[in-house]
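J.: For reference, the chains in residue letters:
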Amino acid sequence: MRLLRTLFVSIALLLVGGVVLYAATDGLRAFTSEAARRIAVRQHSVEVPAVTLETQTGAHIDITSLRGKWLLIDFIYTRCPTYCVALGSEFAQLQDRLAGSVREDAVELLSISFDPAHDTPRALASYLTRAKSRGAGWVAARPVDSGGLDELERAFGITVIPDGLGGYTHNAAIHVVDRQGRLVEIVDPGQAGAAMRRILQKPGP
Amino acid sequence: MSVRPRRVGALWGTALLFLALLAPSVKHALEERMTTQMLVQIPLLVLVGIVMARSLPNRVTAVIDDWNCRGITGLVLATMTSLFWMLPRMLDAAVTDSLVAAAKYASAPLLIGLPLALSWPRMGFIVRGVLLVECIATLFRLGWLYLISPERLCNLYLLDDQQHLGQWLLLIGGALFLAIAWKLVWGRFDSLSGAAREPKPAHRGLPSTPA
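First to last, the protein sequences are chains S and U. Note that our numbering has the first sequence beginning at 1, numbered continuously upward. Note that our numbering has the second sequence beginning at 1, numbered continuously upward.
No lab work stands behind these hints: they were computed from the structure. Hints are supplied without guarantee of correctness; some may be wrong.
Each pair of labels, with its calculated beta carbon distance range [claimed, not checked]: (1) U:Arg-141 to S:Gly-58: 28 to 38 Å; (2) S:Gly-68 to U:Leu-171: 55 to 65 Å; (3) S:Ser-65 to U:Gly-174: 53 to 63 Å; (4) S:Lys-132 to U:Ile-148: 26 to 36 Å; (5) S:Gln-180 to U:Ala-175: 48 to 58 Å; (6) U:Leu-99 to S:Leu-7: 44 to 54 Å; (7) S:Leu-15 to U:Pro-150: 28 to 38 Å.
Output of the computed footprint for chain S on chain U, the stretches with three or more beta carbons under 8 Å from beta carbons of chain S [as the list claims (entries may be wrong)]: (8) 16–28; (9) 67–77; (10) 82–91.
If you're wondering where the values come from, they're calculated on a predicted model, not measured in any experiment. All C-beta atoms in this analysis are idealised placements derived from N, C-alpha and C, irrespective of residue type, glycine included.
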């Protein structure tokens, strides 16, 4: 009787535990926060908050004023020696490959700095130059206040931690925002093709 | 039935340890690194549950025993809960999401430590052996994964922290393996089975060969 009860409870616990683990990993697909972030966004798009940015030219723009075109957004800091360099060259390639859409004003590349204290318009402009930006269709910008930065980091799921060497470590990705200003897809750096396909799937009117 | 002083002491000790771990500064310090969250904070929370088990009144443990033949139920519960907290995304979420943090603080003592402490004395030799070997294997698997993974598995922690943790896991796994190997070669088998009732020999000389 004791054995039977134990068996019964144990099997029940195994089932409940299995369901919990299945749910906690998005159906065994996401074991890391980074994978979870991608799945969550694909399932429920996230509205990009209205945050004021200062661009590399010193102009102030509201991120929501960019609605109407697709946005490819990455988060960077200009002193970054690793991820951001890779992301920068990837954005430069995207700029070339999407040149047609950029001319039609259907796509914009946006690099947002999470180190606004250091990344002045001048630093941002020099980042674009170093990354070999062709100019049109790629804006680098910093949030004008830290509240705006927090809002953006929360909405996009960006985690920035000091790397102990004066720089930062952060989760790098390309974020696809649709014409309605909703974050709809996050792709790994190195998979710019996937981001591009997502945009070109739905050509402009 | 009067409560024995040892139990009261255990209860106080548990409460104090738990409160200390709950203190924001301690919590923050231990969660600043992946290594300390996994190897200090969570194990201490489990320890809270283990000590708590000693303060349970006999009639409660008697009821639990009725549903915990040979400690199997407790083993299943503790294993499933441990699996959950081994997910890298949960280490992140336990720091950033207060709901997940509360779940960690509640489940590590109540669903891992407590059932383990109540079940271990009731487990048979084989079950204990399988549990220990699986523990070692898990330590090695995770340690190796953390050591060789070129990617950060937690967004909150640095790669060198992750690799550091990997080294520690391999070290602990190795130490546990050596301890068990030692026990198997030179130790007394019956002391593992929990069935040892006979008085201990006055001198522990040469290893006794199992008859």
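J.: Taking 26 to 36 Å as the hint, is the beta-carbon distance of Lys-132 (chain S) and Ile-148 (chain U) inside that range?
T.: Cβ of Lys-132 (chain S) to Cβ of Ile-148 (chain U): about 34 Å, so the range 26 to 36 Å holds.
J.: Quick check on a hinted range of 53 to 63 Å for Ser-65 (chain S) and Gly-174 (chain U), using CB atoms only.
T.: With Cβ atoms ~59 Å apart, the hint holds.
J.: Has the segment 67–77 of chain U got at least three residues whose CB is nearer than 8 Å to a CB belonging to chain S?
T.: holds (count 8)
J.: Is 55 to 65 Å respected by the C-beta to C-beta distance linking Gly-68 (chain S) and Leu-171 (chain U)?
T.: The hint (55 to 65 Å, Cβ to Cβ) holds, given that Gly-68 (chain S) and Leu-171 (chain U) are roughly 57 Å apart.
J.: Within the segment 16–28 of chain U, is the number of residues with a Cβ closer than 8 Å to a Cβ of chain S three or more?
T.: n = 0 at 8 Å, threshold three: violated.
J.: Quick check on a hinted range of 28 to 38 Å for Arg-141 (chain U) and Gly-58 (chain S), using CB atoms only.
T.: violated (53 Å)
J.: Would you check chain S against the segment 82–91 of chain U, counting CB to CB pairs closer than 8 Å, and say if three or more residues qualify?
T.: holds (count 6)
J.: Do the Cβ positions of Leu-15 (chain S) and Pro-150 (chain U) conform to the proposed distance bound of 28 to 38 Å?
T.: With Cβ atoms ~36 Å apart, the hint holds.
J.: CB of Gln-180 (chain S) to CB of Ala-175 (chain U), is that within 48 to 58 Å?
T.: holds (56 Å)
J.: For the range 44 to 54 Å, tell me whether the beta carbons of Leu-99 (chain U) and Leu-7 (chain S) fit it or not.
T.: violated (33 Å)
Going down the numbered hints, you'll see the structure goes against 1, 6, 8, while the others check out.
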